[in-house]
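Colleague: Chain D is already provided as a structure; the job is to place chains Z, F and C on it using the hints.
Protein chains in written order, with our numbering: chain D, 848 to 1190; chain Z, 848 to 1190; chain F, 848 to 1190; chain C, 848 to 1190.
Hints were generated in silico from the structure; no laboratory data involved. Heads up, some of the hints might be wrong.
Where chains are identical, the list cannot tell them apart; a pair therefore holds if satisfied intra-copy or between any two copies.
What the hints assert, rightly or not - Below are the SDA-like pairs computed for lysine to any residue, each with C-alpha atoms no more than 20 Å apart in a straight line: (1) K853 to C1158; (2) K998 to D891; (3) K998 to E961; (4) K917 to V1185; (5) K1068 to Q1097; (6) K1048 to T988; (7) K1048 to Y991; (8) K1068 to F923; (9) K998 to K1048; (10) K1113 to E1171; (11) K998 to T965; (12) K869 to A856; (13) K1048 to G997; (14) K853 to F923; (15) K1113 to R901; (16) K1048 to V1022; (17) K853 to S878; (18) K869 to A970; (19) K1068 to V909; (20) K1068 to A970; (21) K1048 to Q1024; (22) K972 to A1180; (23) K869 to C1158; (24) K1054 to D1030; (25) K1113 to N908; (26) K1113 to T1066; (27) K917 to D907; (28) K853 to E1157.
4 protein chains.
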Amino acid sequence: MIVVLKPAAEQRDIDAFIGMLKAQGLGIHESRGVGHTIIGLVGDTARINEDSLRAYHIVDNVMRVQAPYKMANRAFHPEDTVIAVGTAEPGCEPVRIGGGSATLIAGPCSIESEEQLTGIAQAVKAAGARILRGGAFKPRTSPYSFQGLGKQGLEMLLAAKKLTGLPVVTELMAVSQLELFDDVDIIQIGARNMQNFDLLKEVGGCKKPILLKRGLASTVKELLMSAEYIMAAGNENVILCERGIRSFDQYTRNTLDVSAIPFLKKESHLPVIVDPSHACGVSWMVPALAKAAVAAGADGIMTEVHNNPECALCDGEQSLTPDEFAELAAVLARYAAVEGRSI
Amino acid sequence: MIVVLKPAAEQRDIDAFIGMLKAQGLGIHESRGVGHTIIGLVGDTARINEDSLRAYHIVDNVMRVQAPYKMANRAFHPEDTVIAVGTAEPGCEPVRIGGGSATLIAGPCSIESEEQLTGIAQAVKAAGARILRGGAFKPRTSPYSFQGLGKQGLEMLLAAKKLTGLPVVTELMAVSQLELFDDVDIIQIGARNMQNFDLLKEVGGCKKPILLKRGLASTVKELLMSAEYIMAAGNENVILCERGIRSFDQYTRNTLDVSAIPFLKKESHLPVIVDPSHACGVSWMVPALAKAAVAAGADGIMTEVHNNPECALCDGEQSLTPDEFAELAAVLARYAAVEGRSI
Amino acid sequence: MIVVLKPAAEQRDIDAFIGMLKAQGLGIHESRGVGHTIIGLVGDTARINEDSLRAYHIVDNVMRVQAPYKMANRAFHPEDTVIAVGTAEPGCEPVRIGGGSATLIAGPCSIESEEQLTGIAQAVKAAGARILRGGAFKPRTSPYSFQGLGKQGLEMLLAAKKLTGLPVVTELMAVSQLELFDDVDIIQIGARNMQNFDLLKEVGGCKKPILLKRGLASTVKELLMSAEYIMAAGNENVILCERGIRSFDQYTRNTLDVSAIPFLKKESHLPVIVDPSHACGVSWMVPALAKAAVAAGADGIMTEVHNNPECALCDGEQSLTPDEFAELAAVLARYAAVEGRSI
Amino acid sequence: MIVVLKPAAEQRDIDAFIGMLKAQGLGIHESRGVGHTIIGLVGDTARINEDSLRAYHIVDNVMRVQAPYKMANRAFHPEDTVIAVGTAEPGCEPVRIGGGSATLIAGPCSIESEEQLTGIAQAVKAAGARILRGGAFKPRTSPYSFQGLGKQGLEMLLAAKKLTGLPVVTELMAVSQLELFDDVDIIQIGARNMQNFDLLKEVGGCKKPILLKRGLASTVKELLMSAEYIMAAGNENVILCERGIRSFDQYTRNTLDVSAIPFLKKESHLPVIVDPSHACGVSWMVPALAKAAVAAGADGIMTEVHNNPECALCDGEQSLTPDEFAELAAVLARYAAVEGRSI
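So here's chain D without its partners, still in its complex pose (with noise of 0.2 Å):
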């Protein structure tokens, strides 16, 4: 970390400012330039925030040059982390989620009924999906709007993993549901939860991946520092996704930011998968986003089918038909094919 002194800072408040930095552990270079003294930070300066030097009266600006994350630093774990999913499930075979294939995550945006959600997961998996989505807990704007069944949604949601064989993921909206998810092999944090830090803390402490969704308006460092929290707290097993951010311009639900997929694979070693469906809100635009998804670099895609978008409880007008997935999913294999990568 770089500090950058007025120039009209005095002495004795330098040889202060810098005591105080001593006194947390840091080493300190100083060097006077004609205008300004640059005093440089040497140690563990992820607990430092610029903000709080920035108070200082004698302070001009502050300047980062390690990234504030550690465990999701590629800087300190250069091999891409590879998740497995689904390994210790009987009757699973394991699904592996980064290193290098595209995998297809696919189902419904809330679970409405066992048969709705069998044979949507029956289809989705003879297209290629390798893992089932579907939400039982659901985070909605209105308090008036269909909430999720609950409990009872993720039984179906077990039913269907079991009658399938596919790993399923769902969404964790409060800590008092965690009990539930036992047999629930993805842990979903939607974006709205990015920064509900308790609850990431608490997922930090189970083993299980962690689907962690980046908000809205969340920057995608803030999102790696979010995914630091969880690894923190001793859950490493944390996949990144990508899910349309706010813009001025809205055509779209959410702007996608395509660009986030090769800044995430290159400053961290975390999965980074993408979530065309939310981000741009209407089922014709998915083909698209999901194959330039493909193409910059992602590990994984996850789209909401739904077997009668029209009368979906919930985000019907995004969801694709099994159909239409299953043309899509054929075409996302050529195009990840190109590289050479799988999905």
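Modeller: For chains Z, F and C alone, coordinates are given in the frame of chain D:
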């Protein structure tokens, strides 16, 4: 709600669509124009999700005529809600938020020690603050940053309350902490938890005033929907708080959305306060923004005050000193008086 | 266009409002529901400004049913527009943009010398580029930055065209420069001039292809309206270019809005190309974004290539070397081939 | 400017890099820390582009210490610039913008007729406006919208000036119109032209006051750089105008960035005015924003006033009536008086 159907919509599909809407208890007014068929929905449309209607292949567009919030809506509750704080506490004089005054709330970002807190509390009280703020549980972007003193901090806050008679407001981050908040006068829901719907439902179950901060990238309508969650769960004592949003220009930490004040006051009967400290993130700008907020009609101003900003464990760079706060309070009183209000 | 009137609107005012609309040549379809009166406007509503209608005190809301662009609208021109570039130039083979291929455009950000430019031109041609780009007039944020070689740079560009046979594209910043552009094949209108309406009208008066870059904070609909300005002035040869938008996250210079590709292709018949270099601002990320753009359906990719990026007078940090470009072109050809396209 | 080199940078490359910097006339202060080498640049760094330095493969990061604007910078010009308007016009009393007063500028968005304009001009003058605004050349998103009366409108504006003695401000859209602006007192550069650098250079060549509007997605630093363009070309009479920026929340047309007022006043000596009409786009919200702007320290307020907003050819929904303006002017005078200012 107005639904415009596509010109090519077939009668059979229109009939099925109308049947589906009637089955949800809605009245239907159908109108056939030259090109488009238009359907007006009459009844409780707050339950209807516009996007779900857009999933129908015969639907071209949907326009909401009535706002999706009801309890927070001024249309159904024309008078200003005035929230009494601290009335039941012996030794505390009741403070009223809303209905004409510009209440001052002040205190440190984080509670650091009993000595620090009581010193600040006495200073801000003398300067005109009516409510004491202080964080015990702190949401921090990094797991390596100071996370607040927790339960111990809360005890210090309650001691300061006892000493000064000032009602107190502090942030609740998780349902599990709620049992510690019995003597807290106002529960703050932070910006990052504005759409933590389980937490909203939980605080909807108590009767304490809730200070609900707008999320960094939440629309004013989403803020009102989150207020609606709390109100629908039984607690109508909600104070809305504008604290800056994310924009492309980052010369301030966030962008204070001053227009939110007149908009929220027009759309809702709930009090609206402003936090200029978090909005701009630098103490020298706080007075200008606080004055702007009062002039725009805010029901209160919440600022950070620290006796020694350079040594604050959190957000020192945006904290006023007690002297700066006293000066600001005096000038805010004069701005409030322009249109006959007081602080 | 659908206009919803307020429930309290009086008949006298409604009659006056309808009279005003009829006087503008619009057909009216009036429908009285239980609460609201709804007015459907039939005819050429492109001339009608929604906001003007909202000024009427009896108007509650306005919804546009037909897009405000006509000539750029695919609804009225279903086939893809294919733009032939350089056909009239002896020694240049015609290049077609649109209609299936993913044309590569490459060259330096700024033209610096004849030697530099011809070296790069030959290299990118050998690698597969079909059009040469190079800036002579440069829009720079600072008046103290290099502003381009101007007329002299343009002469170097035309010399490189003559030498290599590649058609050329370069930016026009002011009407007064237009007389110098006679032998330029494609005129680029830069992002900062997307709503310089006088410039748009002026290039609408010539027949050359216009490469219209999306403004940093322009919606896709505003981009189409700017294309409409050019087309309404008589020039239908417009190429749309997505080059990144401003968002709250600034880890890239701009945020590539990959969704704009399928949206613009659906809404309009005009070709859509992508500039990944300006979108991300760093050369290492250009290949990932270029691949994503091709997979999403872009009709072309425009990248910056410099023989010595470290010494570029402008935007060196986002320029590929000729070798990197050759490698990228080869892989883009394979991505384009997945769905039967070529570069 | 501080340049941090990568730990792996080799001495040979560092020497070449330093040689390149020295060749540009910069002084160098080199400092070798434990991990990184840091280079401080001394001299006129305004000409140096940070991104160009980032292109060097040995460079890790660059931090600017001095702002890239010089003439607009308060550091080099501590006193407020006060701009005298209309001094040379016989019959007009000189109006001063900056230095303590909150000058009111009012008039219609578009000039529609002589009768309309003179009526409004007399009304706003009586209410306290010191300068008359009115658009003759109108930048419109759609080519099919009313584009202003042009030269004829300008003549009406000058007639209204003669009649009322009010100095006038109107927008210049193209260099070719400049010859018509001889008797205009303040030339407005609109938001969409804030980075039309040729136009900026051109108005830098005259001595008239320039009202420079901030672009919809321009940072405050870019606004200052555009002012710098005008000043560097010889015209130091620049008035900065905040008029709302684009954000994700679109309940107002734009988001008034009230923080820009104190920031620009601190960074620059130029006057800062605010246009609340374009910021919010709805007349009922204009008074709240105008009051906020005055309280935050704005040197002036520019509002749209129309005698019959419902029939305005442009932006009627955001125009105040003359009576509403008179009421607002009276209350703004009281807000200005709080800290000893006048309108």
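Colleague: All the hints need checking, so say for each whether the structure fits it.
Modeller: Hints and how they fare:
no., hint, result
1, K853 to C1158, "between (63 Å within a copy, 18 Å between copies)"
2, K998 to D891, "neither (44 Å within a copy, 28 Å between copies)"
3, K998 to E961, "within (13 Å within a copy, 44 Å between copies)"
4, K917 to V1185, "neither (33 Å within a copy, 39 Å between copies)"
5, K1068 to Q1097, "between (24 Å within a copy, 10 Å between copies)"
6, K1048 to T988, "between (24 Å within a copy, 13 Å between copies)"
7, K1048 to Y991, "between (30 Å within a copy, 12 Å between copies)"
8, K1068 to F923, "within (16 Å within a copy, 36 Å between copies)"
9, K998 to K1048, "between (23 Å within a copy, 18 Å between copies)"
10, K1113 to E1171, "between (32 Å within a copy, 18 Å between copies)"
11, K998 to T965, "within (17 Å within a copy, 47 Å between copies)"
12, K869 to A856, "within (19 Å within a copy, 28 Å between copies)"
13, K1048 to G997, "between (22 Å within a copy, 15 Å between copies)"
14, K853 to F923, "between (34 Å within a copy, 16 Å between copies)"
15, K1113 to R901, "between (29 Å within a copy, 18 Å between copies)"
16, K1048 to V1022, "both (10 Å within a copy, 14 Å between copies)"
17, K853 to S878, "both (13 Å within a copy, 18 Å between copies)"
18, K869 to A970, "neither (62 Å within a copy, 32 Å between copies)"
19, K1068 to V909, "both (17 Å within a copy, 19 Å between copies)"
20, K1068 to A970, "neither (37 Å within a copy, 37 Å between copies)"
21, K1048 to Q1024, "both (15 Å within a copy, 15 Å between copies)"
22, K972 to A1180, "within (14 Å within a copy, 31 Å between copies)"
23, K869 to C1158, "between (63 Å within a copy, 14 Å between copies)"
24, K1054 to D1030, "within (12 Å within a copy, 37 Å between copies)"
25, K1113 to N908, "between (27 Å within a copy, 17 Å between copies)"
26, K1113 to T1066, "within (15 Å within a copy, 29 Å between copies)"
27, K917 to D907, "between (27 Å within a copy, 18 Å between copies)"
28, K853 to E1157, "between (62 Å within a copy, 15 Å between copies)"
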